[in-house]
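**Student:** Residue-level listing of the chains:
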Amino acid sequence: MNSQPVNTYPNSYPDARIDQVLEALRTTEPPTGLEQRIAARLAQAAEAGSLKTSPPAASSYLAVVLSAVKDHRILLAPARRYSAAAAVLTLLLAVTTIAVVHHATPVTTARTTPIVTPTSTTSRERAELQSRQTTPPSHAATLQVPRGISLGSHSPLQAAGVLTPDSSQQQDPDAIALAETRAPSRPAPPMPLTAQEKLIQAATRPGQPIQLAELDLARAPMLRAAAEARQTAIIDRYVKSLLAPFAAADALQPTTSSQPQEAPTSPPAEPTSNSSN
Amino acid sequence: MASSGRLDLPSHWERQWDVAFVSAEKPSETDVTALVQTYSALLFRVAHSILRNRAESEDVVQDVFLRVLEHQRKLPDIRDLRVWLVRITWNLAIDRRRRIRPDQLDEPFAESLVAHTAPADQALSDAREIAATLREIERLPKPERHALLLSAIDELSITEISTILQRSESAVRALLFRARTRLRERLEKGKAA
Chain P
17 MNSQPVNTYP NSYPDARIDQ VLEALRTTEP PTGLEQRIAA RLAQAAEAGS LKTSPPAASS
77 YLAVVLSAVK DHRILLAPAR RYSAAAAVLT LLLAVTTIAV VHHATPVTTA RTTPIVTPTS
137 TTSRERAELQ SRQTTPPSHA ATLQVPRGIS LGSHSPLQAA GVLTPDSSQQ QDPDAIALAE
197 TRAPSRPAPP MPLTAQEKLI QAATRPGQPI QLAELDLARA PMLRAAAEAR QTAIIDRYVK
257 SLLAPFAAAD ALQPTTSSQP QEAPTSPPAE PTSNSSN
Chain D
-1 MASSGRLDLP SHWERQWDVA FVSAEKPSET DVTALVQTYS ALLFRVAHSI LRNRAESEDV
59 VQDVFLRVLE HQRKLPDIRD LRVWLVRITW NLAIDRRRRI RPDQLDEPFA ESLVAHTAPA
119 DQALSDAREI AATLREIERL PKPERHALLL SAIDELSITE ISTILQRSES AVRALLFRAR
179 TRLRERLEKG KAA
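First to last, the sequence lines map onto chains P and D. Each residue of the first sequence is one higher than the one before, starting from 17 at the first, in our numbering. Each residue of the second sequence is one higher than the one before, starting from -1 at the first, in our numbering.
Please keep in mind that the hints were generated in silico from the structure rather than gathered at the bench. Heads up, the beta-carbon is just placed ideally off N, CA and C, and yes, glycines get one too. Some clues are possibly wrong.
One-sided excerpt, in silico: chain P residues whose CB lies under 7 Å from chain D [stated by the list, open to error]:
# : residue
1 : Leu38
2 : Glu51
3 : Ile114
These stretches of chain P come out as covered by chain D in the derived footprint (C-beta under 8 Å, 3 or more residues) [to be verified]:
# : segment
4 : 105 to 111
5 : 192 to 200
6 : 205 to 211
Whole structure, please, built from the sequences with the hints as guidance.
**Tutor:** Here it is, written out as structure tokens:
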């Protein structure tokens, strides 16, 4: 009698299983948001500096323009039509703006008047200062500001009486800003304690005035006597509060409580004759 | 391939062509964003055919586009960007597969293919059959296995598979035939054992 083989792999339809596996691989859909995650990782990599890439928007527009030059069909593509038009318009607008602005306003980079003029300068110093009109004034030569001037003021040098700018420079915000920039720096005031620091300070320094005063040997006996009197008064108050109910009961029953208790008397001595009987 | 060097695309892929053809064929100034939009799904399927795990496949696709970003200046010199991307994905997926035990990937994938409405004993039997099929696919000779798995990706033609595997088209067809035959024989042998 032939026994049927045990099917460890019951592959009744190998081709069907093969097709099922290949079909599953074929129809696998990418997870949702795959493109966004890839773009985020690319941006992260670009920000990390490991990769040197141009900004994606600029490169995208550049690719569109260059491709459009080579192949006109890119302009007909629905997804790219508006991007190409926007890129071309942006480029034309940028070129026009740069041309107009560059030729309309001449740029002056050198200052022709001194920024500040010391009041007590001698003629030689004044000549030196005039000779340096086109060069930026040095820090030590132009500004001798004593310490202690408030940085919050908009005219620290004038407040210190070191510099007296003329009327035109009083209204010049650039001169004021430059003077404040060149004012000497001072250390910042101490920062206030935080809540945690205050707690630490309170824990390490209890600050009990009596404890601190007891360290004074001259006042120690007096303070110690005061403390003992205070302790005695506390104990007396406690005892009185304990005995208060009994005092009230005595007040309600004055007879019983007022009668003095008789002294225990010795029992009368029995006559010896009875005992003998 | 068309006469202009452009790849013949399936009909469902034509929709993406407008976005892709700017950069895919001769990317003078490659737009990585367009590449991601065009090829991420294809590359995910390529990686998934090797790894059979969605998270691992997504990691591989991200690594591929990082490499694209690194070699962005060389992209205009690449003749067929699509095949180049698939080959990078393929190699990265194989490297990643070597670091992972196959049963870690194949068993969950086999269970995911089983119908959830089937009875428990039937579902268990189906999962074992599918796992056995995947195991036998992994036991195939490497050229046959690669040809079979790449043929599962619908977007890849025989020409592209031959380019990726660096073999002729007739050799790829022969590999596919041998892989299918060998796989069927082994599965039937396992059934009879």
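**Student:** Holds or violated: the hint that Glu51/P contacts chain D, with Cβ atoms closer than 7 Å.
**Tutor:** holds, 5 Å
**Student:** If you look at each residue in the segment 205 to 211 of chain P, do at least three have a Cβ nearer than 8 Å to any Cβ of chain D?
**Tutor:** Check failed, 0 qualifying residues.
**Student:** Are Ile114/P and chain D close enough, Cβ to Cβ, to be under 7 Å, as the hint says?
**Tutor:** violated, 22 Å
**Student:** According to a criterion of three or more residues whose C-beta lies within less than 8 Å of a C-beta of chain D, is the segment 105 to 111 of chain P covered?
**Tutor:** violated (count 0)
**Student:** Against chain D, does the segment 192 to 200 of chain P show at least 3 residues with beta-carbon separation below 8 Å?
**Tutor:** violated (count 0)
**Student:** Taking 7 Å as the limit, does the beta-carbon of Leu38/P come near enough to a beta-carbon in chain D?
**Tutor:** holds, 4 Å
The earlier numbered hints that this structure contradicts are 3, 4, 5 and 6.
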